[in-house]
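Student: Take these sequences, add in the hints, and give me the full structure.
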Amino acid sequence: MGFGDSDVLKNERPSKDLAWWVPNIDHRITPKIREILETYGGIPPDEVVAHVYNIREKAWNIRPWPCTGMGQFFSSSLPQHTSYASVLSLLRSGAAHFLDLGCYSNLHGLDLVNHWDLGYDLYRDRQTFNVEYIEADLLAPPSSQMRAVLQGKIDIFGATHLLHNWDWGTQVRAVSNIVALSKVGSLVVGFQVGTRNEGVKWDVDNGKEKPAFHSLGTFERVWEEAGRATGTKWSVEGRLREWGMLGYREGETAYLGEDSQILEFAARRVG
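Reading the sequence shown from the start, the letters are residues 21 to 291 in the working numbering.
Worth flagging that the hints you see were computed from the coordinates, not collected in a lab. Virtual Cβ for every residue (Gly too), placed ideally from N, Cα, C. Be aware that a few hints might be false.
Stated by the list, open to error - Listed below are the simulated EDC-like cross-link pairs for lysine to aspartate or glutamate, each with C-alpha atoms no more than 16 Å apart in a straight line:
1) LYS173 to ASP137
2) LYS36 to GLU272
3) LYS203 to ASP175
4) LYS253 to GLU240
5) LYS78 to ASP120
6) LYS78 to ASP141
7) LYS36 to GLU77
To be verified - Label-pair restraints from in silico Cβ distances:
8) GLY205 to ALA249: 38 to 48 Å
9) HIS47 to LYS78: 36 to 46 Å
10) GLY114 to LYS253: 24 to 34 Å
11) ASP37 to LEU108: 35 to 45 Å
12) LYS36 to ALA160: 31 to 41 Å
13) VAL204 to PRO161: 13 to 23 Å
14) ARG248 to PRO51: 41 to 51 Å
15) GLU262 to ASP46: 19 to 29 Å
16) HIS47 to ALA249: 17 to 27 Å
17) ARG144 to ASN44: 21 to 31 Å
18) TYR73 to GLY114: 19 to 29 Å
19) GLY62 to GLU270: 28 to 38 Å
20) VAL204 to GLN147: 28 to 38 Å
Tutor: What follows is the structure in structure tokens.
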């Protein structure tokens, strides 16, 4: 597995022996989720559970991501973010644009591999969900299509469980490409795996190839480095939070180590 590559799980066999595969995700189908699937998606009540597991199986076979294996795709993390109220206010104004990285009106989605067709299948809303999706590599310089659609137009970038997939240099490259689409005042918000320890926690199975988890201090340094490379300035804030805040059950994230927590962050372009 190359942690400097865009597609870090491209060659990972979708085995159900992986530590983040949870066989039973019935707890993710909460009454609220069931109501959405039944009333919004039009799925018969007696078909909801089978429908969810079928979609998860298809997604797992595309790429065996932890959020798929744990059924985390139903957990909306943004409302738990400290910046949520201001983000929501901007979006409700009708003038702001939101780019969801690593995938309403005025919503754009960017991902390396197309998972959004399964999203349409899950909620059965292909004809009604107004989103512009772009299949692209965040580690490559923005294409002419991306620049035409996105450059200078995005007010808020969502980047949850994204940057921690790569090594330090690759994270800086990814952030630099986000910066290339930003404007002064743009806000990048999200969550990723963090550590209570000061400094970077390196993946012990790969020597010092992959900085798996950041403290807030090292995460700030990534943005400082990207800022120097792009001639921009960023103000970065963040805090560590408990896994349960995003709906993870005790033990589900044990494979990440005892010192791992969720790093909530907000980076704003100030120059």
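Student: It remains to establish, for every hint, whether it holds in the given structure.
Tutor: Right, here's what the structure says about each hint:
1. LYS173 to ASP137: violated, 25 Å
2. LYS36 to GLU272: holds, 14 Å
3. LYS203 to ASP175: Roughly 8 Å separates the two Cα atoms, so the pair holds.
4. LYS253 to GLU240: holds, 12 Å
5. LYS78 to ASP120: violated, 21 Å
6. LYS78 to ASP141: holds, 11 Å
7. LYS36 to GLU77: Holds, at roughly 10 Å.
8. GLY205 to ALA249: 38 to 48 Å: 20 Å Cβ-Cβ, so the 38 to 48 Å window is violated.
9. HIS47 to LYS78: 36 to 46 Å: violated, 21 Å
10. GLY114 to LYS253: 24 to 34 Å: holds, 29 Å
11. ASP37 to LEU108: 35 to 45 Å: Holds - the Cβ-Cβ distance for ASP37 and LEU108, about 40 Å, lies within 35 to 45 Å.
12. LYS36 to ALA160: 31 to 41 Å: holds, 32 Å
13. VAL204 to PRO161: 13 to 23 Å: holds, 21 Å
14. ARG248 to PRO51: 41 to 51 Å: holds, 49 Å
15. GLU262 to ASP46: 19 to 29 Å: holds, 23 Å
16. HIS47 to ALA249: 17 to 27 Å: Given range 17 to 27 Å: violated, Cβ gap about 43 Å.
17. ARG144 to ASN44: 21 to 31 Å: holds, 24 Å
18. TYR73 to GLY114: 19 to 29 Å: violated, 37 Å
19. GLY62 to GLU270: 28 to 38 Å: holds, 35 Å
20. VAL204 to GLN147: 28 to 38 Å: Since the Cβ atoms of VAL204 and GLN147 sit about 37 Å apart, the hinted range of 28 to 38 Å holds.
Going through the hint list in order, the structure does not satisfy hints 1, 5, 8, 9, 16, 18.
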